[in-house]
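K.L.:
Residues 1 to 265, numbered by full-length UniProt numbering, are exactly what the sequence shown covers, in order.
Source of the hints: derived by calculation from the structure; they are not laboratory data. One should not assume that every hint holds.
Straight-line C-alpha distance at most 30 Å; calculated DSS-like pairs for lysine-lysine [as the list claims (entries may be wrong)]:
1. Lys120 with Lys173
2. Lys183 with Lys223
3. Lys188 with Lys120
4. Lys162 with Lys191
5. Lys187 with Lys223
6. Lys173 with Lys183
Label pairs and their computed distance ranges (CB to CB) [claimed, not checked]:
7. Glu206 with Asp85: 58 to 64 Å
8. Arg92 with Arg70: 17 to 23 Å
9. Glu156 with Ser99: 43 to 49 Å
Glycine included, each C-beta is placed from N, C-alpha and C at the ideal position.
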Amino acid sequence: HSNLTRFNFKRISCFIAGMAESLGSGKDWLIDVPSRISVLQNSCVVIPCSYVYPKARKMLKTWRGYWKRRGTVVASNFPNARLTDEFYHRSRIRGTIQSGNCTWQLNRVRETDTGPFYFKIEIPQHKSFTFSQNTVTLNVFRVPEPPTMSVAVQDEVTATCKVTHVCPSSPPKFSWSHSGTRKTRSKKENKWLWSTTSTLTFTPQEADFNMPLNCTVLFKGNKSTKGSVLLIKAGNTNIILDLGLVLENSMNCCFHAKEQLQVIH
1 HSNLTRFNFK RISCFIAGMA ESLGSGKDWL IDVPSRISVL QNSCVVIPCS
51 YVYPKARKML KTWRGYWKRR GTVVASNFPN ARLTDEFYHR SRIRGTIQSG
101 NCTWQLNRVR ETDTGPFYFK IEIPQHKSFT FSQNTVTLNV FRVPEPPTMS
151 VAVQDEVTAT CKVTHVCPSS PPKFSWSHSG TRKTRSKKEN KWLWSTTSTL
201 TFTPQEADFN MPLNCTVLFK GNKSTKGSVL LIKAGNTNII LDLGLVLENS
251 MNCCFHAKEQ LQVIH
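Starting from the given sequences, assemble the full structure and let the hints guide the process.
P.N.:
As structure tokens, this is what we get:
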């Protein structure tokens, strides 16, 4: 029985040693970042990032994370890291580096902030690694897309105005050309993309027909976009037209019924 115990113990010891050797290899440096993100100029972008590193055999005390572009540090959790004037006061690491979260936020995005960017981790008591093959490129655009709008009419008009963005810390603000009850909600679409929707509800009056209903969206950085729909009275049936489509395409198509109406984009 004792010989068997010693044999098993020896096998287990070899197995543990083999695992430790495997965990210490470079293959265990892994990172999860998006390769490309579209972002509005002057707004902000939150770049999600998570990484894993080979397990250490001793207690670790310090983790230094650096986001870089062509070797230049653009963000770091290390107080002594020197950032260039180009990124100073615009860039910060939001994640907890020692927990494997290397998420980075860039504010007041400029046209030149295209990258590619990559992450480097330094663990002085352990190892360092540069994820130079896992880069993030920013597609910076100047003019925001118009919102997606929909309207339903029963006893009340319910209008929605929706946009997507990559700046969850400062979601866009909405304003409507008509008074009513307003609600705004944000939803995470994927790891980096968010949608924010404003809903306006009001009881329509005769004067509301043949008048545009406008939704204006103001993004972080003071860039705005607008969408419009038009309610037209046609006998006992209300017709809703997307004003943007009417202006751009005379073949605009809309669905209308007496009970419920919905704009078709």
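K.L.:
Run every hint past the structure and note whether it holds.
P.N.:
The hints, checked one at a time:
no.: 1; hint: Lys120 with Lys173; in the structure: violated (35 Å)
no.: 2; hint: Lys183 with Lys223; in the structure: holds (22 Å)
no.: 3; hint: Lys188 with Lys120; in the structure: holds (27 Å)
no.: 4; hint: Lys162 with Lys191; in the structure: holds (19 Å)
no.: 5; hint: Lys187 with Lys223; in the structure: holds (21 Å)
no.: 6; hint: Lys173 with Lys183; in the structure: holds (11 Å)
no.: 7; hint: Glu206 with Asp85: 58 to 64 Å; in the structure: holds (59 Å)
no.: 8; hint: Arg92 with Arg70: 17 to 23 Å; in the structure: holds (20 Å)
no.: 9; hint: Glu156 with Ser99: 43 to 49 Å; in the structure: holds (47 Å)
In this structure, only the earlier hint numbered 1 is contradicted, and the remaining ones agree with it.
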